[in-house]
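Let the hints inform the model, and build the full structure from the sequences given.
Chains as they are written, first to last, in the working numbering: chain R, 1 to 348; chain G, 1 to 348; chain W, 1 to 348.
Mixed in with the good hints there might be a few duds.
Since the list gives no way to pick one copy over another, a pair counts as held whenever it fits inside one copy or between any two copies.
Pairs of lysine-lysine, DSBU-like flavour, derived with a Cα cap of 30 Å [to be verified]: (1) Lys120 <-> Lys346; (2) Lys346 <-> Lys3; (3) Lys244 <-> Lys229; (4) Lys3 <-> Lys244; (5) Lys244 <-> Lys149; (6) Lys149 <-> Lys346; (7) Lys114 <-> Lys346; (8) Lys3 <-> Lys120; (9) Lys120 <-> Lys229; (10) Lys3 <-> Lys229; (11) Lys229 <-> Lys149; (12) Lys346 <-> Lys244; (13) Lys149 <-> Lys3; (14) Lys149 <-> Lys114.
Worth flagging that the hints you see were computed from the coordinates, not collected in a lab.
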Amino acid sequence: MTKSNPGRFFEDFRVGETIRHATPRTVTAADTSLNIALTGGRYALFCADPVAQAAGFTRAPIDPLLVFHIVFGKTVPDISLNAVANLGYAEGRFLVPVYPGDTLSAQSDVIGLKQNSSGKTGVVTVRTRGVNQRNETVLTYVRWVMVNKRELSAPAPAPVNPHLADFVSPNDLVLPAGLDFSGYDFALAGSPHAFEDYAIGERIDHVDGMTLEEAEHQLATRLYQNTAKVHFDNLAQQGTRFGKRLVYGGVAISLARALAFNGLGNAALMLAINAGRHVNPLFAHDTLYAWSQVLDTADLGAAGALRLRLVALKNQNAHAFTDRAEGGDYAEHVVLDFDYWAAIPKRG
Amino acid sequence: MTKSNPGRFFEDFRVGETIRHATPRTVTAADTSLNIALTGGRYALFCADPVAQAAGFTRAPIDPLLVFHIVFGKTVPDISLNAVANLGYAEGRFLVPVYPGDTLSAQSDVIGLKQNSSGKTGVVTVRTRGVNQRNETVLTYVRWVMVNKRELSAPAPAPVNPHLADFVSPNDLVLPAGLDFSGYDFALAGSPHAFEDYAIGERIDHVDGMTLEEAEHQLATRLYQNTAKVHFDNLAQQGTRFGKRLVYGGVAISLARALAFNGLGNAALMLAINAGRHVNPLFAHDTLYAWSQVLDTADLGAAGALRLRLVALKNQNAHAFTDRAEGGDYAEHVVLDFDYWAAIPKRG
Amino acid sequence: MTKSNPGRFFEDFRVGETIRHATPRTVTAADTSLNIALTGGRYALFCADPVAQAAGFTRAPIDPLLVFHIVFGKTVPDISLNAVANLGYAEGRFLVPVYPGDTLSAQSDVIGLKQNSSGKTGVVTVRTRGVNQRNETVLTYVRWVMVNKRELSAPAPAPVNPHLADFVSPNDLVLPAGLDFSGYDFALAGSPHAFEDYAIGERIDHVDGMTLEEAEHQLATRLYQNTAKVHFDNLAQQGTRFGKRLVYGGVAISLARALAFNGLGNAALMLAINAGRHVNPLFAHDTLYAWSQVLDTADLGAAGALRLRLVALKNQNAHAFTDRAEGGDYAEHVVLDFDYWAAIPKRG
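In structure tokens:
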């Protein structure tokens, strides 16, 4: 018997159970500073109290993506310690702003189970909620992962395939209470482009590139208290097909979103995660580039919303908007295909 | 004459003198976030205000090991700038919790001096106190180092060998005032194991590994304002027997303690440092693993206490509980042998 | 048409125009902790509230150099995105202390333009102001950069060469309101040397060295929200004459100033930047050393002021006070020649 956590295997999950995750975390302005140092983020809403207050916030909220990574990190010891692959996200919605001083904790409902035909692994689908100290759900999302079985002989559970929306409907997007962009200062935000300036189908090359170091992704992933060993244990990784540490997918999302400031500087506020796939592995020393495409738009009254596809590339700039290779598979340079909604001020 | 600090040499110390160290430091929640980013620490008491408040703290205190490193860092310019080796610790006790906003300063009494037979070096023993802005001693510990002589001809002082306890007696352990584990939430802490579950002699493999980068140990050591040049000046190190930067021993302690969360998740609160030796040097790119052994237990009323031996290994996992090699010396993979007391909730 | 920022080219600047920069930033105690972790800074005034309060500050202010880097970072997208070289600084003055919670923003007046004889580039001179949330100017400085032309055929503007002072006159130095060094504790600050102890012409070898990693300079430069791609995009840099990322010059200044603590421990408070040149490029893995020379002294009443020349060297210690090579050019090891005023307590 061991007191260290072996993690759950596929046969340990039951549809309908709720897993309460450990390690509540009081987030502070320090997490914002570290997030800036780790990503280079420049969205004014998250780094300047007066800008946030002018838009109806109490003060600068924590970047929703940072909230997502922290909540996600809490689920790792229970959900994905024995995961083979992180397969996808859906139905992610940011519901309440998180401020410095708030304490985040998380719980997950198991909503899907399906053993793979190999009999060695299965797909586990969970709906996770991040809650604050007032027990308000600040974030909810669905994630599915491929998890190893402990015993190949364990019987396959009755397959449950949850129905998941292809994307979050604009009707389900929640703007922060009191959001007011009427006095929004486009110059101070660093971009002149308002909601009305973006056209469905439009693609934006974010131009800049960012080379990633081992220390950087490890610092970020530890800040999220995500302890999946593939990101940290280089010795153990030497026995794997990659032979080295894998960068946590959330690091790629945050870096790509920071790069996307250059072209989407006013689309700071992520409202929903529609879908997301980590298409190819990202490693230290890779240089990340990104491009975006406007998939849809919605007028939410107090703000516009853009449905954006964010594609991150490694070691190839985004000038050519690289996407699929011949044959339809993702090109080898593509590491992330991420679909989300973000609020953006209207020209008014 | 130079205005830069040459550091003290062996003949500059006098038994009985008190050295007041420079660089008081106001610690903040930022130090907690950085500590999490640098170590991956997950002890809930140090990262969630509500968890700490439920246990009788004002808010999440600063991790005692971080307090130790910061206090230790202040002593370096006065004690160990010309040290050859950091030989050991004893009689370390954490007496008062340190909170964000507190200001730490430090002073040391020289309690032992003994010239080595070579005539080139001597052992200096100091008892250091870390104090807060109310002049309360928050931490005290003894440390001894081997220090170079400036002039080989300087006369040897009368040897003074302080008597030091092999370990801190349970009677001398101090629980934080008002500590109350009666409502402790084991699930939220991430481990079901209470005081009663640990048996003397029991060993725990902490399983996880952490590969360390140059940037990481440098950031940590600078955060502690520990400026010993062996950790930072790679050019000067090229002329030494190791040929590269040495990782500050405190980084190994903190990383090993963070790894130890996996098996000791409720033993967050370090109460005492009984002994500690940095057995082999740790370098960047090494992967650290750790195992623990329960050396003793004590019921302190409001909490239990475990006396734990924490052994950190480099580049070899801890499954075999590696310790001594044949012949009785430490195996070459062992970097740290650390003996401490930690409080842990009772099942109640 | 693209929505990403192409940056201004030489022909886009007009003498007399004011450019309002984006990305206001609320600085916090976290920036101080990160600054300590990134530089190893030990000036007590910036890391201990009680020390700062004893000297008349509200609490520990943000290190003026960190303020400078943050303000500078805001100007990059507007001024130097297409810069070939950062040529110099002048007339820098720190006017109001910046505290945690203050929000910094920046604007620049174009005060000089001169096309180079090649017709491909020109020199742009701007006077930048950093302002806080009360619209007080906390910092002002002049900087000139060589910027590419977009179109070689664009006509050369009428050359305007602003007259700039060789150095800030002591009469123009501004001590923080209420500065009071009467109770200054030299021991706690870590250096016994007061204003009266420094002689004009005196040189100080700061002894210590610091080896810099890619992750470290990238973290620092992102913390400043300085996004100049030469510091981050290793792939794009492979096509340049250096073939790798360049370290932002501000990182060299801050590291050299942190090293200068050893010999100038009481000269924490930078009052003015007289001049500064980044003489040779600094790269990751270089080891930085520094020496200082006292150029002048001034008695400001409540404090003394030292005019200091700070020279940073790479991969060569500062024992020989390396400076110019034969022929008068800077030696290849010199990376920085920086001229500033700092306040220092008088012996009283």
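Do the hints match the structure? See the list:
For the identical chains of this complex, Lys120 and Lys346 are neighbours neither inside a copy (51 Å) nor across copies (40 Å), given an alpha-carbon limit of 30 Å. When the C-alpha separation of Lys346 and Lys3 is checked against a cutoff of 30 Å, the pair qualifies only between copies, where the shortest distance is 16 Å, while the shortest distance within a copy is 55 Å. Taking CA atoms no more than 30 Å apart as the test, Lys244 paired with Lys229 passes in both settings, with 11 Å inside one copy and 27 Å between copies. In this homomeric assembly, Lys3 and Lys244 come within 30 Å of each other (Cα to Cα) only inside a single copy, at 28 Å, whereas the closest approach across copies is 37 Å.
Taking the shortest alpha-carbon separations for Lys244 and Lys149, only the intra-copy value of 24 Å comes in at or below 30 Å, while the best inter-copy value is 44 Å. Neither within a single protomer nor between protomers do Lys149 and Lys346 lie at most 30 Å apart by alpha-carbon distance, with minima of 50 Å and 34 Å respectively. Within a single copy, Lys114 and Lys346 get their C-alpha atoms no closer than 44 Å, and across copies no closer than 40 Å, so neither meets the 30 Å cut-off. Taking the shortest Cα distances, Lys3 and Lys120 sit within 30 Å of each other inside one copy (26 Å), while across copies they are farther apart (48 Å).
When the C-alpha separation of Lys120 and Lys229 is checked against a cutoff of 30 Å, the pair qualifies only within one copy, where the shortest distance is 21 Å, while the shortest distance between copies is 46 Å. Taking the shortest alpha-carbon separations for Lys3 and Lys229, only the intra-copy value of 18 Å comes in at or below 30 Å, while the best inter-copy value is 39 Å. Taking identical chains as interchangeable, the C-alpha atoms of Lys229 and Lys149 lie at most 30 Å apart only when both belong to the same chain, with a minimum of 18 Å there against 46 Å between chains. In this assembly of identical chains, the alpha carbons of Lys346 and Lys244 never lie at most 30 Å apart, being 46 Å within a copy and 41 Å across copies at closest.
Taking the shortest alpha-carbon separations for Lys149 and Lys3, only the intra-copy value of 20 Å comes in at or below 30 Å, while the best inter-copy value is 48 Å. Taking the shortest alpha-carbon separations for Lys149 and Lys114, only the intra-copy value of 12 Å comes in at or below 30 Å, while the best inter-copy value is 60 Å.
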